[in-house]
Amino acid sequence: MNADVVTLEKVHFRYPGADRDALAGLELAVTEGETLAVVGPNGSGKSTLARLLGGLARPSAGRLAAVCGCDLLTASGRQAARREVGVLFQDPENQLVAEHVEEDVAFGLENLGWPPPTIRERTDEMLAWFGLEDLRRREPHLLSGGQKQRAALAGVLAIPRRVLVLDEPTAMLDADGRDEVLDAVRRLRAGGLTVVIVTQEMDEVGIADRVVALERGSVRYDGSCGELFARRDLVRRLRLGLPLAGEVALALAARGRPLRRLPLTLEDLVAEYEAGGAAEGEQLWLTVGEADDVGEVPRAVEPPAPVSPSQSGMRLCCEDVSFAYDEGGTPVQALQDVSFTVETGASVALLGPSGSGKSTLLQVLRGLLDPAKGRVELDGVERRETRAPALQREVGVVFQTPELQLFAASSAQDVAFGPRQLGWSDDLVEAAVEAAMELVGLPLAEFGERHPYSLSGGEQRRLALAGVLAMRPRALLLDEPFVSLDPASRRDLAAVLARLVEGGTTVVLATHDVDAAWGLCREVLVLDGGRLTAAGPWGATTEVADGARTPSPFFVELWRRLGRDAAAAPRTAALAAEALA
Amino acid sequence: MKATITQYYPGGSPLHRADPRAKFVAVTALAVALFTRDSFAALAVYAAAGVLAFALSKVPVRWVWRALKPVLWLIGLTFFAQVLFAPGDPFFSVGPFDLSWEGLRLAGFLSMRLVVLILIGSVLTLTTPPVALTDALVWLGRPLRRLRVPSDELALMVTIALRFIPTLLVELDTIMRAQRARGADFSTGGPLRRARALVPVMVPLFVISFRRADELALAMEARCYTPGVARTRLHPLRARPADAVLLVLTAALIVVASVV
Chain A
1 MNADVVTLEK VHFRYPGADR DALAGLELAV TEGETLAVVG PNGSGKSTLA
51 RLLGGLARPS AGRLAAVCGC DLLTASGRQA ARREVGVLFQ DPENQLVAEH
101 VEEDVAFGLE NLGWPPPTIR ERTDEMLAWF GLEDLRRREP HLLSGGQKQR
151 AALAGVLAIP RRVLVLDEPT AMLDADGRDE VLDAVRRLRA GGLTVVIVTQ
201 EMDEVGIADR VVALERGSVR YDGSCGELFA RRDLVRRLRL GLPLAGEVAL
251 ALAARGRPLR RLPLTLEDLV AEYEAGGAAE GEQLWLTVGE ADDVGEVPRA
301 VEPPAPVSPS QSGMRLCCED VSFAYDEGGT PVQALQDVSF TVETGASVAL
351 LGPSGSGKST LLQVLRGLLD PAKGRVELDG VERRETRAPA LQREVGVVFQ
401 TPELQLFAAS SAQDVAFGPR QLGWSDDLVE AAVEAAMELV GLPLAEFGER
451 HPYSLSGGEQ RRLALAGVLA MRPRALLLDE PFVSLDPASR RDLAAVLARL
501 VEGGTTVVLA THDVDAAWGL CREVLVLDGG RLTAAGPWGA TTEVADGART
551 PSPFFVELWR RLGRDAAAAP RTAALAAEAL A
Chain B
1001 MKATITQYYP GGSPLHRADP RAKFVAVTAL AVALFTRDSF AALAVYAAAG
1051 VLAFALSKVP VRWVWRALKP VLWLIGLTFF AQVLFAPGDP FFSVGPFDLS
1101 WEGLRLAGFL SMRLVVLILI GSVLTLTTPP VALTDALVWL GRPLRRLRVP
1151 SDELALMVTI ALRFIPTLLV ELDTIMRAQR ARGADFSTGG PLRRARALVP
1201 VMVPLFVISF RRADELALAM EARCYTPGVA RTRLHPLRAR PADAVLLVLT
1251 AALIVVASVV
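Chains A and B, in that order, are what the protein sequence lines are. With my numbering applied, the first sequence closes on residue 581, and no number is skipped along the way. With my numbering applied, the second sequence closes on residue 1260, and no number is skipped along the way.
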């Protein structure tokens, strides 16, 4: 039995000026060598816990708070804890301080006053371990997301650590970057390091030996991953979700075909399904009395009467579009000879790794960037025609983390900004604000007067979306709308987008989340290095996505593994279960 | 997309390899000397030295131009102010303004001196990474620590500011584009209206900057950064014989310029 490296008893933490504790009587123990996942909704205290464990936050009260023998309740103890516990944060951009990768890796050792030759040795060792030798003289801003995060991790671990805390380390990364970071974590784990990983990605929870779920600053669940996901009440209350494999199993159970175990990965699901269903009383994971309400995970946003913001979509067309950024005098090609057409009312997934040109393409479509060459047409009107600006105003764009662009003193005012800029009458603005807020599930009566920053992360994201929808766009372009939302907030947002698609709005969704896109979009565009590598209906010709560096959706992969026709893969867990039952 | 404000041009020339302290001292000495000698001949010597240094650094001419461009208005302003207000025998008068040959000569001299100053200063900033420059400043500012000036912390602040300026410029660009997509208009109306139009940009930019600053501070603390505690460096500054050569050449240049 290994000793505990983390012991928290009745620990409280409150941010200055907050009206409630971010951590409220938290109890937690972590054993040496263990890997622990921490989950919970936006605002449940996960990040605060990560900071606390790293000796970076002073508990406002606590009976006992010890990490690696350091007392977190004292200043000297926290100082000492910073040497034992490494913390990797979500955004690598905010962690790289030095000018080159190797100097950044060395930063911690420089702070500890190690002699230069020893720093050199340790830095080289870390660069080699993380496969960064070739990038040592590279400037951080020239790295890919995965490389940045690996460099930041190398910098955190350059100081020999006993515990590694990861705060949503993959939230900002594309699929490749995510694999890079998770591989590194697996290797560290195998090397015996104690790892605490805070995550919103339900697929990542399986990496841990144990999972802790937080709600309003205290532990609501502490146990195995499988058991947590089997507890429907908790999953719902904590705004969690299931890995898609688990959702399919639940939907199967709802159709009277329970599996023996709750699968959490595609491999598990295939194995369990092929082994045949569970016999009577064998499906231990399905708590008695809950069998009747399993099935599709309920959506927090109840679909109201359809209040489509627009009656018609828009046809978007690019022909031989090229675009280059000017980078210190040298042009960097972001788009190269891109041609495609999005028909009126279509829903299109725009896929491709980070830096493949997705954001650029969205901005070119909206007329925010002028391509060096090529035609961009909105409803057949070319961007240089005099009628183009009016049409561009009917294309809404939701930028990455749009909540960062909220600025007004009340939610309603923020949403009203766009319509007012368009010079609409007060009545029209008011009606547009009300409809848009209703549509995103933030009714004006309840949320209108609230300050945008007082809303939760998921609510802020939807409020920002309302600000765009209030302008009644006929086409909506979204750039990574799901990033860093908790699973329930993602479902809420997906439900809003699904209603827009049903209402006839043309939707282009740029995302790393292939599965979310699969549920929403019927067509696909794949960019790689600024070139369009696939375009067309998604599903009937699923193969298009395969040549490119984009993983295929879960359901396509599942259908393939089960020897079914991948072209007919289902869009939702319920449809999958219907076909499989 | 990256914005270049710290205009370092990576390279391997002798000037790139020189110790940043030596380069900083040389350029400072040249700048002072440039301003203490009012002769076209001396100016020509410094200009020639500046051009030679550029040739040696192998930095493309385009980059020098980019360094010069933002201060052209300043040079132009200096020129006109001198031309119009300098004393001398006027050969042409308009209202209160007199044009004289002396004024033109002085204006030309002062403007050219500014150009040469920027030329020489650019050799330093184009061949020295910002971090090396701050390292040099820390070393040179060490005596100030006796006066309780926290020179190390100030230097780190400058380094970080330099590191984040491009990031925040990109952020600013994104916010402006996002708000423009929501109908914001930054280019029409009077000054008051334009200032008001910036609210939807400035509020988010400040929020983002504070958030970044907060996260950065945490990430630094998490890597055991403690203000005021002595740090070591992976790449300590190391002076080489070539740096002595650079300083001697600089001294020689100043001597030559003071006798021509």
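If you're looking for bench data, these hints aren't it; they were derived computationally from the structure. Model, not experiment: these values are computed from the prediction. One thing to keep in mind: the hints can contain errors.
Stated by the list, open to error - Partial list, derived from the structure: chain A residues whose beta carbon lies under 7 Å from chain B:
1. Val87
2. Asn94
3. Phe107
4. Trp114
5. Glu343
6. Gly345
7. Arg450
8. His451
To be verified - Distance windows between CB atoms, simulated:
9. A:Arg58 with B:Phe1210: 16 to 22 Å
10. B:Val1061 with A:Gly191: 51 to 57 Å
11. B:Ser1013 with A:Pro331: 31 to 37 Å
12. B:Trp1065 with A:Arg531: 56 to 62 Å
13. B:Ser1013 with A:Ala18: 51 to 57 Å
14. A:Gly223 with B:Pro1236: 29 to 35 Å
15. A:Glu343 with B:Arg1017: 58 to 64 Å
16. A:Arg136 with B:Ala1251: 32 to 38 Å
17. B:Gly1121 with A:Glu133: 33 to 39 Å
18. A:Gly77 with B:Gly1012: 35 to 41 Å
19. B:Val1170 with A:Gly223: 31 to 37 Å
20. A:Asp337 with B:Ser1039: 57 to 63 Å
The C-beta atom is built at its ideal place from N, Cα and C for all residues, glycine as well.
Going down the list of hints, with the structure as the test:
no. : hint                                : verdict
1   : Val87                               : 4 Å, holds
2   : Asn94                               : 4 Å, holds
3   : Phe107                              : 6 Å, holds
4   : Trp114                              : 6 Å, holds
5   : Glu343                              : 23 Å, violated
6   : Gly345                              : 21 Å, violated
7   : Arg450                              : 17 Å, violated
8   : His451                              : 12 Å, violated
9   : A:Arg58 with B:Phe1210: 16 to 22 Å  : 20 Å, holds
10  : B:Val1061 with A:Gly191: 51 to 57 Å : 52 Å, holds
11  : B:Ser1013 with A:Pro331: 31 to 37 Å : 25 Å, violated
12  : B:Trp1065 with A:Arg531: 56 to 62 Å : 33 Å, violated
13  : B:Ser1013 with A:Ala18: 51 to 57 Å  : 55 Å, holds
14  : A:Gly223 with B:Pro1236: 29 to 35 Å : 51 Å, violated
15  : A:Glu343 with B:Arg1017: 58 to 64 Å : 59 Å, holds
16  : A:Arg136 with B:Ala1251: 32 to 38 Å : 37 Å, holds
17  : B:Gly1121 with A:Glu133: 33 to 39 Å : 36 Å, holds
18  : A:Gly77 with B:Gly1012: 35 to 41 Å  : 48 Å, violated
19  : B:Val1170 with A:Gly223: 31 to 37 Å : 44 Å, violated
20  : A:Asp337 with B:Ser1039: 57 to 63 Å : 59 Å, holds
Checked against the numbered hints above, the structure violates hints 5, 6, 7, 8, 11, 12, 14, 18 and 19; every other hint is satisfied.
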